[in-house]
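Residue strings, one per chain:
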Amino acid sequence: MDWNELRNRWRASEPPSPMAAMLARIGSRSDRLRGAVLRRDFIETAVAVVMFPAFAWITWKLATHSAWLPFAFSAFLLAWIAYVPLRLRAARRALPVMRADLPTRDYLAAERDAMRVQAEMLEAVWRWYLAPCAIGVSGFMLSARGFTLKSVAYCAVVTGFCVLLGYANRAAARMQFRALADDIDTQLRSLEEDRP
Amino acid sequence: MVAMAAIPVDQQAFTALVRDNERALARIARHYAAPQERDDLLQEILLQLWRSRDGYDGRALASTWVYRVALNTALSHRRKPRPAHAPLESAPERSDAHAGDALLALEAFLDGLDPLQRAVLLLDLEGLGREQVAEVLGLSPNAVAIRLTRLRQAFEAHLVEDT
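Top to bottom, those sequences are chains A and B.
123 is the number that our numbering gives to position 123 of the first sequence; each next residue is one higher, with no gaps.
Offset between the second sequence (1-based) and our numbering: plus 196.
The hints are simulated quantities; they were obtained by calculation from the structure and are not laboratory data.
Since we're looking at a predicted model, the values are computed, not measured.
Positions of the beta carbon are idealized from the N, C-alpha and C atoms, including for glycine.
Warning: the hint list may mix true and false statements.
Quick list of simulated restraints, FRET-style, between CB atoms [as the list claims (entries may be wrong)]: (1) B/327 / A/188: 17 to 25 angstroms; (2) B/357 / A/41: 34 to 42 angstroms; (3) B/275 / A/92: 13 to 21 angstroms; (4) B/209 / A/21: 18 to 26 angstroms; (5) B/250 / A/54: 37 to 45 angstroms; (6) A/4 / B/304: 17 to 25 angstroms; (7) A/188 / B/353: 36 to 44 angstroms; (8) A/27 / B/230: 22 to 30 angstroms; (9) B/304 / A/86: 48 to 56 angstroms; (10) A/156 / B/310: 18 to 26 angstroms; (11) A/37 / B/275: 27 to 35 angstroms; (12) B/253 / A/172: 30 to 38 angstroms; (13) B/209 / A/11: 19 to 27 angstroms; (14) B/327 / A/4: 16 to 24 angstroms.
The shape of chain A in the complex, shown without the other chains:
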């Protein structure tokens, strides 16, 4: 078999490609994706900006009425509302940069590291997002309304929802990101095998 002839035939093959239409749209598509990222950041911040003054007002009112236990939980929620968008941005900044034009070995290593960082982020969600939310909301509700059937049921629903989300995040970290990181690691090891 003549490998050069096969190579020539290979290069002569012309799969259909809708490249022309794609090229015409590439600049605007890139701008749209950048816009989607900016919108996501804006929404995260906007939610905090809307909620923060409302809780700040409630917290101040509770302090003026010397309702110190609800005040403490409200202040805790206030701090949490301010912290969440900052934490989300810090987490995104911590992701390894994945430049698509790296040599494949380096790109795969960066992709694997990014998967592991994302898995760690998901595994930690209960600590910085769900637990403070459940504790703050439940504590505020029970200290403000007392142990009524309604308030206890409300707290149970909030806590149950947070626990479920926590499990879902941990499952996604394990089954999606850690599994993919292991898969990439196996590929990287196979690349190492033939090194002279």
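Assemble the complex: chain A is given as a structure, and chain B must be docked to it using the hints.
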């Protein structure tokens, strides 16, 4: 593939660069995505090329840069979740090929390889030298040579089995 000193920044020159590599990019998409996902992968490759163009430092050939972006994007694309009914690999779609055709057998052989071995053989078929394949993948030229020898031997064995 076209070798250039720098990656063009404006749309017109970028279009020309992609046009020069259009067939190679389509062949990469064909071997890394299921038929119904090929356009998505091609679009993703173009997007990554467009977004990476400012980072090109001129140390590698433009074709090396194009292949790196295309292959890395294709490898990542394979990891995206997909519906259970969408198999990644598929039989080659060459209606003009007859049974026993070496090119048809090569297409099937490529699709049976793991994604990185496929990349080595695919780059060789695209006409890249060992040094350039090594630069794209981040391997040594010797490692590429060893892999290529093994892959060609495996393909020849595959071809003998088929005929």
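Results of checking the hints against the structure:
no. : hint                              : verdict
1   : B/327 / A/188: 17 to 25 angstroms : 22 angstroms, holds
2   : B/357 / A/41: 34 to 42 angstroms  : 55 angstroms, violated
3   : B/275 / A/92: 13 to 21 angstroms  : 20 angstroms, holds
4   : B/209 / A/21: 18 to 26 angstroms  : 19 angstroms, holds
5   : B/250 / A/54: 37 to 45 angstroms  : 42 angstroms, holds
6   : A/4 / B/304: 17 to 25 angstroms   : 21 angstroms, holds
7   : A/188 / B/353: 36 to 44 angstroms : 27 angstroms, violated
8   : A/27 / B/230: 22 to 30 angstroms  : 28 angstroms, holds
9   : B/304 / A/86: 48 to 56 angstroms  : 53 angstroms, holds
10  : A/156 / B/310: 18 to 26 angstroms : 50 angstroms, violated
11  : A/37 / B/275: 27 to 35 angstroms  : 21 angstroms, violated
12  : B/253 / A/172: 30 to 38 angstroms : 37 angstroms, holds
13  : B/209 / A/11: 19 to 27 angstroms  : 24 angstroms, holds
14  : B/327 / A/4: 16 to 24 angstroms   : 18 angstroms, holds
Of the numbered hints given earlier, the model fails hints 2, 7, 10, 11; all others are met.
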